[in-house]
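A.B. asks: Chains Z and D, in that order, are what the protein sequence lines are. The first sequence begins at 1 in our numbering and counts up by one. The second sequence begins at 1001 in our numbering and counts up by one.
Bear in mind the hints are in silico, worked out from the structure with no lab data behind them. This one's a predicted model, so the numbers in the text were calculated from it and none came from an experiment. C-beta: ideal position from N, C-alpha, C; glycine also. A couple of the hints might just be wrong.
What the hints assert, rightly or not - Partial chain Z-side listing against chain D, Cβ under 7 Å, derived:
1) G84
2) R85
3) A232
4) H666
5) K708
6) L709
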Amino acid sequence: MTAENIGQNASLGMSGGSRVVPMQADPAASGRVDTWQEGEFTVVRGNARTAPGCHDNCGILMYIDKDGKLDHVEGDPEDPYNQGRLCLRCLTLPDVVYHEDRQLHPMKRDRADRGKDKWERITWEEAYEIIEREIRAVQEKYGSHAIQVFCGTGRDIVGYHPMLANILDTPNQGMGFLSGQGCYVPRMFCTTMKMGSLYTGDYSQNWIDRYDNPNWVRPDYVLVWGNNPVVANSDGTLGHWIVECMKRGTKLITIDPKLTWCAAHSEYWLQVRPGTDSALALALGHVIVKEDLYDHEFVECWTYGFDQYAENVEEWTPARVAGICDIDEDLIWAAACAIGNADGWALQWGVALDHTAEGFYSGASCYDLVALTGQFDKPGGMVCGMPAFGLPVTWIGSDTDWIPTKRDDHPHIHGDYPALKMIGMPSPDATLDALCGEYDYPVKACILQTNNCLSNMGAQPERIAEGLMNDDFNLVIDLWMTPTAMACADVFLPVTTFPERFGLTGHQPYRTGAINKAIERVGECRSDPQIVTELGRIFKGEDVFPWGEGDAWDEEGFYGYLLRNTGFTWDDLKARTWAYPEMKYYRYKTGEIRDDGQPGFNTPSGRYEFYSLILAQMGMRPLAFYEEPPESPVSRPDLAEEYPLVLTTGARQWGFFHSEGRQIPHLRAIHPEPEVTINPADAARYGISDGDWVRIENQYGSCVQKAKLDIRLKQGVVSADHGWWFPERGREDGFFGTFESNINNCVPMRPGSTGLGNSYKSVLCKIYKVER
Amino acid sequence: MKNAILVNYEYCTGCHTCEVACQKHLGLEPGKYGIKLTQIGPDQISERKWQYEFVPVPTDRCNLCAERAEAGKLPMCVQHCQAGCMELGPVAELAAKMGDGGKYALFA
Ligand code: SF4
Ligand code: SF4
Ligand code: SF4
């Protein structure tokens, strides 16, 4: 891999190759059935995977009554992934499927009536006619690159959106208005530069027999960094796998400004100031080098640039970094020695690493610790997380032989940011500027599928609303009339929930599985992938998308086609419900990581690169570094006089998945109002009592939330909820009141210097009591 | 012998899944519980040691999922417990598991 040949696929560590990977032995698979009768109910076995959304795909049993209605669900005790457990969100699935607010028919609205509740029900045919007319008009007038394909996180549309971009001949596809592509992309990109692929903690999830597998050992330590894994279940990791490891002797080290459950159950808890993670990683590296705790064999045989690394961490002494992070120096020593002396330890990192302006390098500085201690591909360490069975053909849509596309005829909207130029990803920040006429690039039609950017994810949401309400055409595809749909959609298409459809769990590294249809579609809803393929027929022709449409859509034929490189068929997969690829450790030693079959890693040197040759070649900093967030009490003492508190946002809440779940009674009851957590000492200073409504304000904007006083949070920091809207309020009532409590009002749409990373967890604010 | 629920609450993360699993099973509205979480702490016991824990407590609405037991299934709350920290069994058998240094609560 060189700087010239990095495509989006390789750059995200997702290539996975087209090699046919054998399945792992699954003795129970031959007798497994996917449907049976249990008393009055028909039971359908499947995988939970969106909508509603989550990053996981737990094994689920769906109980269907004699009228064909989904009565209730349970976890599948035979499924190795979740071992019978479903969390509260999936347990309320029938309440989502049959919710009175669900949108069941395509609708249109006059462009002049954007923002108003003036919808008209239409047929799918009419909806597609309008979409074709409007999209073609934009293509002709401005070029195909003026079309933006936006998704959110969680729903499996992430796998099909690159396909949609190919269909519409646009290079601009990604997370709509997530500043700095700041969720996983910064971490993935930097680690890909340094080692060519992505690794996750080894909690036995790659083995069918899980914790009993004789090759697996539990990690000595899990380093929980900027992540609340038991709540977040981020990136395909069920957080409670870590709890299972704890029962087997794993200890935790947690790095978090808040005493999370994991922090309270940790051997060491480092209560850092938000945004200082890279400094801490450099100091941990400093100790490991100084104390000679690094893995000499791994470092000598499999890494590049150790001398520069050692020199680079020299100045980041624990004494200095303790001051930067506002923690005790001896905790840095203790944590470094713990991972330095461990046989196996796993890095459980979270989005906090991406949520600081130079977050691009935070992930890299953490990965250097993994390399330093030789944890890659090691039992109880870190395991290779490439998509199972080479499925990126569905995940990334990279098979352009299948869908002829002109997507790369025009440069994408990279905003001149070097990292984004390199990986072919659009800059959400530049996209917003362009949408508002402040950057020279046409952004004229937006397709927002599973994307509620006005409530969630989009920084400076009122500016986004203004931009979206003034472009030429918007298509929103969702379950609900969301604030985003209400504000800007010209056409709305309703999607199915997962019990109403077949599908692939797709992109997860540990396994793949079948989403199994259990009930007939509610109303006229169609699945996300069906809508994508139907747009494919319109724009690329029926010979490219030969699976039909409407009720005649050959759903199972389509998924069979997506499995064409895996060595198994859709029928096989559906019957077995899940398939695990063969699992091996130490693949870098046997040549199973690199595309050319040579031992080592997918980098120019073939080694893990402490010093990244590609970054150096691109003129970016080749070694990890730390820089203060642009707005911190240290970098901006002047600003801190008016806004003395550090604002961190987006902590995950039980029961919700970002902006989802607010209309589900049993979930909402657990967390009924938007909350901002503040240490009682800070609250006393500002005359705030528990349960007061407060305004959170800074130079970017403000919002109101309810104060929750809690000694778990670091003094000087407030932690505010994200994703709020109030489905119980009116459609025209501020789009379900979504701007009132939207903490993104206080966050700038501004990435780090490379275009990646943002400031969602590291700006300044003040808070004061308000009457409500 | 009478069945009971044992909670190894050292591992309970406070995820509310047991509450919702039971509400859905018994058909309870939000606010009514067959099992309800209680919280201990957050309390700083010493410089480096905190207690921040949860214990789910069955209510008088709990019937130990009698019909599920007959069908050979675990109680809804026990099966779905995200931490796998609940167990149903005869009182004496469960009591015998306590005393190994872990943190337990037995509801009989
Ligand atoms: S983690 Fe929860 S919401 Fe996600 S798939 Fe599993 S049960 Fe469903
Ligand atoms: S045993 Fe059954 S009835 Fe009792 S709390 Fe658990 S789920 Fe509810
Ligand atoms: S489901 Fe288990 S882990 Fe979750 S709150 Fe209940 S007892 Fe605790």
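A.B. asks: Look at each hint and say if it fits the structure.
C.D. replies: Hints and how they fare:
1. Because the beta carbon of G84 of chain Z sits about 5 Å from the nearest beta carbon in chain D, less than 7 Å, this interface hint is met.
2. At its closest, the beta carbon of R85 of chain Z sits 5 Å from a beta carbon of chain D; the interface hint therefore holds under the 7 Å criterion.
3. Because the closest C-beta pair between A232 of chain Z and chain D is about 12 Å apart, greater than 7 Å, the hint is violated.
4. The beta carbon of H666 of chain Z is positioned within 7 Å of a beta carbon in chain D (closest approach about 5 Å), and the interface hint is therefore held.
5. The closest approach between the C-beta of K708 of chain Z and any C-beta of chain D is roughly 12 Å, which is over the 7 Å cut-off, so the hint fails.
6. A least Cβ separation of about 11 Å between L709 of chain Z and chain D goes past the 7 Å threshold, and the interface hint is therefore violated.
Consistency with the previously given hints fails for numbers 3, 5 and 6, ordered from lowest to highest.
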